[in-house]
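Asks: Sequence:
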Amino acid sequence: MAKLFRIYHRIVRCIIVTMKNTLSALILTQNSEETIRATLESVKSLANEVVIVDGYSKDKTIEIVHKVYKVNKVCKVYKKKFTEIGKQRQYGLKKCTGSWVLILDSDEIISSQLREEIRLKIKNEKLKIEENAFWVPFQSYYLGKLLEHGGERYHQLRLFRREALKILPSLIHNKFEIVNNKIGYLRKRIIHHSYRSLKQIFNKFTDYGIRMAKEKYYAKEKSSLKKIIFYPLHMFWARFIKDKGYKDGMFRIPLDIGFMYMEWLIYISLFIFNRKKLKIKN
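Numbering-wise, our numbering puts 221 at position 235 of the sequence shown, and it's gapless, one number per residue.
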């Protein structure tokens, strides 16, 4: 009888621990058919739940999701018109039920090393975790080539306890509030295929430039001839020279020119918004 009781106790304890350490992967999608399969496959063996917030994709994004995840209890898809990244993630976070949440974009992949690191961090019952969130390093690729310099080695806050974080409104950048501000760092990287073709880069930077101009407009920032002319030049200098982007090779020059274009678009758009005093719609 005592032996049966001990077995029962261990089973109950395992169930409780599992409930405490469940992980929800929150992924935003919008016309992401090119990359979403790899993203989903990278979290399939890690996440207990996958929550997708789709901005009404017109391609095969959702069809691919259903092919990868055939069990609806694991993968849940919600439709929400995309207005700003903060609102999409706020909405998605409310749908998550895991004790921990991992935020991903549809062009990001969890490496096998990071997958194991996350598993050891949050699913090890013997490891007492004081942190409420973790900064995760990124590894960016441009046209399939790894970038090591020029602002492409960075961290983002992507893994956190669901009850310990609040997502703030934001048109483009991640903004969070963390309970007790207990934040740690993970060592292994998220693989980010952000720059896949010159056309995709141009469309991405055009979208980002206009959205960042809106953020600055709402913040009452003013544009000027100096910002329109010199900020783009400084952007190229900072990425390619100061932050040693040249060490990656000359092949990345079009990318840094793209960042230069985005910076110019921000301030020329801001100038137009301020001049016409437009009531901007998201």
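Mixed in with the good hints there might be a few duds.
Said to hold, decoys possible - For each label pair, taking beta carbons as the anchor points, the in silico distance ranges come out as:
#, residue 1, residue 2, range
1, GLU116, LEU184, 40 to 48 Å
2, GLN76, PHE216, 50 to 58 Å
3, ILE158, HIS220, 15 to 23 Å
4, GLU116, THR83, 34 to 42 Å
Since the hints were made in silico from the structure, they are not lab data. Please read these numbers as outputs of a predicted model, since none were measured by experiment. Glycine included, each C-beta is placed from N, C-alpha and C at the ideal position.
Asks: Against the range 40 to 48 Å, how does the distance between the Cβ atoms of GLU116 and LEU184 compare: consistent or not?
Replies: At 45 Å between Cβs, range holds.
Asks: Between ILE158 and HIS220, does the beta-carbon spacing fit 15 to 23 Å?
Replies: holds (20 Å)
Asks: Is the hinted range of 50 to 58 Å satisfied by the C-beta distance from GLN76 to PHE216?
Replies: violated (36 Å)
Asks: Between GLU116 and THR83, does the C-beta distance stay in 34 to 42 Å?
Replies: violated (23 Å)
Of the hints listed earlier, those the structure fails to meet are numbers 2 and 4, in rising order.
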